[in-house]
Structures are given as structure tokens and as C-alpha cells.
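Asks: These protein sequence lines are chains A and B, in that order.
Going by the numbering used here, the residue at position 258 of the first sequence is 258; the numbering climbs one at a time, nothing skipped.
Here the numbering used here = 1-based position in the second sequence + 1000.
By construction, these hints were calculated from the structure, which means they are not laboratory data.
Don't take each hint at face value.
As the list claims (entries may be wrong) - Derived DSBU-like pairs: lysine-lysine, alpha-carbon spacing no greater than 35 Å straight-line:
id: 1; chain 1: B; residue 1: K1117; chain 2: A; residue 2: K54
id: 2; chain 1: B; residue 1: K1170; chain 2: B; residue 2: K1256
id: 3; chain 1: B; residue 1: K1242; chain 2: B; residue 2: K1310
id: 4; chain 1: A; residue 1: K54; chain 2: B; residue 2: K1284
id: 5; chain 1: B; residue 1: K1109; chain 2: B; residue 2: K1054
id: 6; chain 1: B; residue 1: K1310; chain 2: B; residue 2: K1179
The chain contents come next:
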Amino acid sequence: MKRRSFTGDRLSVRRLAIVLGLLVVLLTAVFVVSITIGSERVGLLDTVRVVTSKLTGQLANVALEKQIIITDIRLPRVLMAIVVGAALAVAGSAYQALLRNPLADPGILGISSGAALGAITATVFAESLPISRPVAAFVGAVITIGIVYALGQGGERTGSERLILAGVIMNALLSSIVIFLVTTASGARQRNVLSWLIGDLSGEPALLIPVALFVVSGIGVVYANARSLNLMMVGEDDALALGVEARRVKIAVYLAASLLTGAAVAVSGAIGFVGLIVPHAVRLVGGSDNRLVVPAAALVGSSFLMIADTIARTIVAPRELNIGVITSLVGAPIFVYLLRRSN
Amino acid sequence: MVSGQWPVAWNRKQSSVVGGQSAVRGRRLYLAIVSLALIAAACHSNRQSPADNKTIVDELGHTVRVPQHPQRIVSLAPSITEILFDIGAADRIAGVTSYCDYPPEALNKERVGDTLKPNIEKIVAMKTDLVIISTSSQLETSFRRLEELQVPVYISNPRTVDQVIESIDKIGDLVDASKEARDATQRIRSRVAAVEARVAGSPRPPVLVLLGTEPLITIGAASFINDLIERAGGRSISADDKADYPQYSVETVIAKQPEIILLQTGSSELGERLRQTPAARSNKVFHIDDDLLLRPGPRLIDGLEQIAAKFHPDLFQAENARKQ
Chain A
1 MKRRSFTGDR LSVRRLAIVL GLLVVLLTAV FVVSITIGSE RVGLLDTVRV VTSKLTGQLA
61 NVALEKQIII TDIRLPRVLM AIVVGAALAV AGSAYQALLR NPLADPGILG ISSGAALGAI
121 TATVFAESLP ISRPVAAFVG AVITIGIVYA LGQGGERTGS ERLILAGVIM NALLSSIVIF
181 LVTTASGARQ RNVLSWLIGD LSGEPALLIP VALFVVSGIG VVYANARSLN LMMVGEDDAL
241 ALGVEARRVK IAVYLAASLL TGAAVAVSGA IGFVGLIVPH AVRLVGGSDN RLVVPAAALV
301 GSSFLMIADT IARTIVAPRE LNIGVITSLV GAPIFVYLLR RSN
Chain B
1001 MVSGQWPVAW NRKQSSVVGG QSAVRGRRLY LAIVSLALIA AACHSNRQSP ADNKTIVDEL
1061 GHTVRVPQHP QRIVSLAPSI TEILFDIGAA DRIAGVTSYC DYPPEALNKE RVGDTLKPNI
1121 EKIVAMKTDL VIISTSSQLE TSFRRLEELQ VPVYISNPRT VDQVIESIDK IGDLVDASKE
1181 ARDATQRIRS RVAAVEARVA GSPRPPVLVL LGTEPLITIG AASFINDLIE RAGGRSISAD
1241 DKADYPQYSV ETVIAKQPEI ILLQTGSSEL GERLRQTPAA RSNKVFHIDD DLLLRPGPRL
1301 IDGLEQIAAK FHPDLFQAEN ARKQ
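Model the full assembly from the supplied sequences, consistent with the hints where possible.
Replies: So, in C-alpha cells, the structure goes:
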């Protein structure tokens, strides 16, 4: 089964449509639940009324603060979870395919920390220009993946361990610089260290639309190269023999994955393990053809992050947890399982 | 010395040098006397003499033995530094933290690190005879370390306005400046009473105090700021949270409809979502000097008067007019 889906053209349009269709249904269901539940009770009926009034443009007969809670607070936050979840899951699938390493993940490889450092630097030097944050985060991600890749190569054996050690080192180094900047630089203080380092979706959703555009284009680039990625997962030499311009594909996908990571981290900090566990779950069920894995990971990643954020918002209400706490509690055991299995 | 040789030499000394034993014993005795003398000297420099000590119970219930009249005091919180200056113990302050910036003379005092990571070595080297810590500035993490090193530590733990005042009195007793402390607290008590008398009977507006915006950090019931809001004739919307500084939900804030929002000076403006609150719509978002609000010291009363005037502008028209 696995071999067949690897080599290419057996994935039927019908199977793709069924899987993605089911995942869209899942996403919609999770969306409805997430928008209905929160630290304040609004009730399903009132939620439906508010949403329909928004769609039809008529006034809803619901208390004003309930309308504000649904449309100005929960809706942008849930949409942000969708965007960030899709970005991290697709970035994870892309890094895993490129590095041919099942344990690659923006968080574990330190790329998220690099993006966070970029975003904080932008906050310190260009506070009035919020759009500079995802751009600088992208630059931070590109530089970090370059360093991690260089550290992970070389030597006789280029195994998973070497790459992950490089990631651990980068994470430690970059986290220290992040903590240093947040505690010393005045502009960076508007968000606390934990929110940057383990992730948090409670921030202002002002960047929702530009970040969504970055994420859609990033996913587009990765998806356009999905078939080449399939061939490269078998081996770069084989891919070259089959007519894939390995170098061009690699650069395009690295940049796209870094754009996805940067966009996600700029608005939500370094939420861990999403890029690791979502692509694995998808491959476990649907095989490892990237033409299926990439769009499916986007949909599952969105649903996963919406669920995690709903838990973070409600479990200790009216207080809030950082969402990274939830994703790490789920993700770390799965990482250990995958690590043991890969040996 | 080449490694591997010394155990041999050591063995030889053990077995053959019989006549040297009394010399060794004599040297041991000498060492013991010298170290005893050193310990005695060290003890002497820490406390004039045991008889001069007094026993005080601090605000977390620990018993502390301190000199009758402490001479070299280290303050590990800006509020404590302000209290010591206010009760006339300024000349006995040996060290302060890097955050201690009031009164301006405090800037001339020796720095012993920041509130979270005081330099223990420096504190010991300064022959400190009393360290005062405040739970409002740090967890009492350095407490154990200092206690092991036999430096007396007093921990201040004010959770209400009354306890802030009591704490000033207790610190007065502690540093042998009881009279000055009583005078200071008398003045503070009468000003608090004046504010309370003025706001009594007026409706209490719901207030949101924001200490951080991303994520939202506010005050809970365990913070003295909660009591300060009450005394100023307001009602904190997050008073139902038992913690001191909880991370809070935006939608709960919206649901609780705060009519007044207090921000720290220097913090950025309100975000998009909080502009949907009654406070923002009626232009009642105020930046308050956080040194007046967050330091449980003598200037807390200035903070109290300022926020009372913001909560009840009609009752404080004269004061508000004078400021403009």
C-alpha cells in the first residue's frame, strides 16, 4: 500500500475528494463547537442568531455584549487558530519530506524560536509597523533552518539524532536571546516571554488577514511541489533521474515552509508539536502521498488547533492557559513514541 | 607534582614520620584556635552581642532575631526602600535593588542586584545585619539561602491597604524607628479615611486593572490593589479570582462591562477588542503611574487619591481642577 502511494499517480481523484470532503465536515463541526463554547455562556441559539444576523445583515435580538463576544472576540480567535494550525501542520509535512526525517517539526528544529526572535526584533525596532513582524519572523525562520541544516549535515551518519541535536542547541540559544530581549527591551514587553516561547492565541487579531494571505500562498507553493516531494522522499538522485529539478524544488519548499512558520509564530508565538503530530496522523490513515498529505494536514491542523485553543480558553475559565501547554501535553508523548519507533 | 606520585608520598609520610606527630597535633590545635577566633569575629561583626538582639515575628510567621538597632539594612523591594526613607532610617540603608528609584536619594545607595536575583555574596560581604523582603516584589526565594548564611531576614506580605499600613508600623518596630513609623501611618490613615468618607454611599463603578495586554493580566482578590480599588469607591471586575495576578479571558472582560479601565503608564493603548467596553466608549481609560499603584509603600495613598478622583470625578472636582 505504502509503496504504491509513494510513486505517484495511483492516488485517484475520487479518493482525494472523499478524504478531503470528510475533513472539511470535521473542520466545520469543530468550528461550530469552538465558536459556541467559551469562558462566558452565550448559548447555541444566541450564537446561531448572531452568526445569521452577520450573514444576512439584519439586527439580532441578542444582548450587545454577547454579540461582541461572538463576532469580535471568539470568531477572530477561532479563525486565527484555523490559519495557524494549517500553517504549522503544512510546514511540518514540508520539513519532514525535505529532510526525509519523520521527526522534523518547526518547534523541535528550533525554526519557531528563530521566527519568534525575528518577530520580537521587529516589535522592538518597528513597533508601529505590525506587518514587519511576520516578515522578520520569516527571515528568522530561513536563517535558522539554514544553520540547523548545516549543523545536521556532515559526518559519516546524517541521522535523525544529529539534526534533532542541532535543533535542541538552536532552541536553547534562541530561547535565551528571546528571554533577554523581552526582559530588557521596552517595546517587546507588550507580550510576555511565555506567550512567545510556548505559544498563545489570545493576542490582537489585527494581523489576521495578511497572515492568512501568507499562509494560503505558502500552502499553495508546497502543494504545487507535492508530486516532486514524493519523488524526492525516495531519494534525490532518483528524483533527478525522473526529471525533478531537486535544487529548485528544495529552495521553493524551504522558503514556503519558513513563510508558513514565520506567519504562524508572528501572531501566536512558538506553538509546539502541531507540525509533528498532525502530518503523522494524516499519513497513518491516508498514506504518504504528499498530494493528499499537504491539504489533509492543513485541514486536520486547523481542527486540532481549534480544539486545543477551546480547551485552553475554557479549562480554567475565566483564566486562560497558553495553548502551547495543551499541544505539548498531547505532542510530547507522541514524539517519544515516534522516536522509539524510528530507531 | 606529577599525577600518580602523590599517594605514594602520602603513604610514606603516614608510616615513617613518627617523630613528627606531635608537631602535626600542635598545628591542628593552632588551626582550631584561629578558626574559632575567626568565627567569633564573624559573629561579633554580625551582631553586637547576643544580648542586644530582639525577636520579631515577620508577616509570614517566621521568627527573626535581629539587633536592637539594625545598622546595615538591605532592602530588596522598592516599596521597602520607600518605607525606610519615610520613617527616617535612610542613613542605615546599606543596599537597595536596581529598581529602587524613589526618593531620588535612593539612587545613591549601593545596588545589590534586582528584586528577583539579589546578589547574596554581596549582601553577606557588606556585613548586612538585616534584610527586608516583600512578597509583592519577589517570591521569598532568596530567603532560605540568606537564612543559612545567618543573615536575619524579615518578610513583608501586605495583601490589603490596612496590612500595608500595619507593615509600615512593623518595619518601624523592626528597625527601631517605631515613633516615626507611627507618625507616618497616622497621616496615611487619616488620608485613607478622608477618601473613604468622600466616596461612601456613591455607586461603585466596575473597574478593570490591566497589568499586561498580551495575554491579558489583571488583578485578583489576593492582590492589595483589589482592596485599593474598593477603598477608592470602585469594584474590580476580576475580584472573584482568588489568585493575585491571573491571566484573564477577554470575553469575560466584555461580559462584565467595565466602566473604567486602568492601564500602567508607558503601556500601549487599548487593543481593538477592548475598545468595545463601556469604559473605552465613554473615554474612561486612564494611565496611572504604576509606581503609585503597584508599590505597597507610603505612596500607595497618592495612588488611592488619584484613582478615587478618576472613579468619582464629581466628588473630587476641586482636586481635579487644581491639577489642570
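Asks: Kindly indicate which numbered hints from before are broken by the structure, ordering the numbers from low to high.
Replies: 1 and 2
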